[in-house]
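Colleague: Letter by letter, the chains look like this.
2 protein chains.
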Amino acid sequence: MCEANAYLLKNGKEELLMEKIDKLVPHEGGFMLENIFGQRKFIKAKIKEMELVDHKIILEE
Amino acid sequence: MCEANAYLLKNGKEELLMEKIDKLVPHEGGFMLENIFGQRKFIKAKIKEMELVDHKIILEE
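Listed in order, the protein sequences are those of chains F and L.
In this text, residue positions in the first sequence follow the numbering used here: the first is 1, and each later residue adds one.
In this text, residue positions in the second sequence follow the numbering used here: the first is 101, and each later residue adds one.
By construction, these hints were calculated from the structure, which means they are not laboratory data.
Hints may contain errors.
Stated by the list, open to error - Restricting the straight-line Cα-Cα distance to at most 20 Å, the calculated cross-link-like pairs of lysine to aspartate or glutamate (DMTMM-like) are:
hint	chain 1	residue 1	chain 2	residue 2
1	L	Lys148	F	Glu28
2	L	Lys123	F	Glu49
3	L	Lys120	L	Glu149
4	L	Lys146	F	Glu51
5	L	Lys141	F	Glu61
6	F	Lys46	L	Glu134
7	F	Lys20	L	Glu160
8	F	Lys56	L	Asp122
9	L	Lys146	F	Glu61
10	L	Lys141	L	Glu160
11	L	Lys148	F	Glu14
12	F	Lys56	L	Glu149
13	L	Lys146	F	Glu34
14	F	Lys48	L	Glu114
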């Protein structure tokens, strides 16, 4: 499976926000993240970088 | 490998923009896309949706 983990960059540190993300959709100035189990999180943040081969989505506020 | 393909939504149709994308980084009002071979494309577009399990990144202008 090719899901990715999302990290929120805070004070230069990456904090794990959500694992096994399948979908990412823009939502009200941020994103809706949905994992492979259908669970959703909404976060006001922007993309800093995505590294798909490393399964990494890095967001920042 | 968990790279994805990027499509640009134009007039309701998805046009293949780049295959086997590893990295996606915001760049001047759009994104820099880099595939697993290190080739890069710059596109002025925003994310409409990402479906990682389906290896799909959908962008729109």
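Colleague: So, for every hint listed, does it hold in this structure?
Modeller: So, going through the hints one by one against the coordinates:
{"no.": "1", "hint": "L:Lys148 with F:Glu28", "in the structure": "13 Å, holds"}
{"no.": "2", "hint": "L:Lys123 with F:Glu49", "in the structure": "7 Å, holds"}
{"no.": "3", "hint": "L:Lys120 with L:Glu149", "in the structure": "17 Å, holds"}
{"no.": "4", "hint": "L:Lys146 with F:Glu51", "in the structure": "17 Å, holds"}
{"no.": "5", "hint": "L:Lys141 with F:Glu61", "in the structure": "26 Å, violated"}
{"no.": "6", "hint": "F:Lys46 with L:Glu134", "in the structure": "19 Å, holds"}
{"no.": "7", "hint": "F:Lys20 with L:Glu160", "in the structure": "25 Å, violated"}
{"no.": "8", "hint": "F:Lys56 with L:Asp122", "in the structure": "10 Å, holds"}
{"no.": "9", "hint": "L:Lys146 with F:Glu61", "in the structure": "18 Å, holds"}
{"no.": "10", "hint": "L:Lys141 with L:Glu160", "in the structure": "15 Å, holds"}
{"no.": "11", "hint": "L:Lys148 with F:Glu14", "in the structure": "25 Å, violated"}
{"no.": "12", "hint": "F:Lys56 with L:Glu149", "in the structure": "16 Å, holds"}
{"no.": "13", "hint": "L:Lys146 with F:Glu34", "in the structure": "19 Å, holds"}
{"no.": "14", "hint": "F:Lys48 with L:Glu114", "in the structure": "25 Å, violated"}
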